[in-house]
Amino acid sequence: MQPRSKMVLVLKKHMKQGRFPMLSTLRSDIQRAVLSRGFLAGAFGMAIVIVLASTESLYTTFENAPQLPPGYHVELIRNALSSDMVMFAVPILCALPFTPVFVDDIQSGFIKQFLPRCGVNAYILGKLLACAISGGLVLLIGILLAYVLSTLGLTLLEDPFDGGIIATYSAIVLEKAALFLCSGMLWSLVGFTLASMTKSRYMAYAAPFVLYYILIIVHERYFGAWYYLYPREWLNPSHFWILGDWGPVLLQSVFMIGFSILFAIFAKRKLSNG
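According to numbering that gives the first Met the number 0, the stretch in the sequence shown is residues 0 to 273, in order.
FYI, nobody ran anything at the bench for these hints, they're computed from the structure. Glycine residues also receive a C-beta, built at the ideal position from the N, C-alpha and C atoms. Heads up, some of the hints might be wrong.
As the list claims (entries may be wrong) - Computed beta-carbon distance windows for the label pairs: (1) Ala40 - Gln66: 31 to 39 Å; (2) Leu51 - Lys267: 38 to 46 Å; (3) Ser56 - Leu22: 17 to 25 Å; (4) Val217 - Arg116: 38 to 46 Å; (5) Arg116 - Arg220: 48 to 56 Å; (6) Ala40 - Ile171: 25 to 33 Å; (7) Ala40 - Phe109: 18 to 26 Å; (8) Ser27 - Phe265: 15 to 23 Å.
Build the full structure now, drawing on both the sequences and the hints.
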């Protein structure tokens, strides 16, 4: 057996025995988040919202011509991802998997049993990563599911096109899905942090949507030039960004770090004081 394989086996053994509390906690929290009912509901909900947002366009296209243009299955998803229906579903669906978990752990008393085995730092890091990962993945998987349905259902109805272009179409969808992944990570952390600080499960689901909507109203009615604080711009960039599509990703990453630090400071004081 190679040395690297031995190291992997030893690492897995120690994780099972709880000798690496940080790694064990991270794995446990991520599994808890992505295998939850909220995650499944959010992923399927995202796919359903995209399908509903595509219905009118699909009906109009079929009404005008029985044969669809090449690449229509991709254009349909792209247009749906820019619709108001999808835009306002984002902060709601990404909050479903894991945002109220800290409040639940405190209120149920679970944290008193779990914390001595993992430590405060491991607990905080595990919750932050699990919340961000699940909040982003729930949107990403929903988009990919809708894209698969669109591909299977519409490709055969399109005019013939070069098969090599499929890779280009897939890249377009993945690029758009990556922006939604990043935004889902941010808004799930917003709900998670504010819910934890207010000790309210209601805030876990309401805070992301309320703040999201406030930023949209502020931009559209008062500060139109501040597009960099416009949530819709983060999902569908239409203005100049120095780093291109990486600009919104970098900006949201800064906000994620800020909310993570805010939660870490609050949680450390809360858990240290009992």
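Comparing the hints with the structure gives:
1. Ala40 - Gln66: 31 to 39 Å: With Cβ atoms ~36 Å apart, the hint holds.
2. Leu51 - Lys267: 38 to 46 Å: For Lys267 against Leu51, whose Cβ atoms are near 43 Å apart, the range 38 to 46 Å holds.
3. Ser56 - Leu22: 17 to 25 Å: Violated - the Cβ-Cβ distance for Ser56 and Leu22, about 46 Å, lies outside 17 to 25 Å.
4. Val217 - Arg116: 38 to 46 Å: holds, 45 Å
5. Arg116 - Arg220: 48 to 56 Å: Distance hint for Arg116, Arg220 holds at roughly 51 Å.
6. Ala40 - Ile171: 25 to 33 Å: Holds, at about 27 Å.
7. Ala40 - Phe109: 18 to 26 Å: holds, 22 Å
8. Ser27 - Phe265: 15 to 23 Å: Roughly 22 Å apart at Cβ, these two residues keep to the hinted range, so it holds.
Hint violations for this structure: number 3 only, all remaining hints satisfied.
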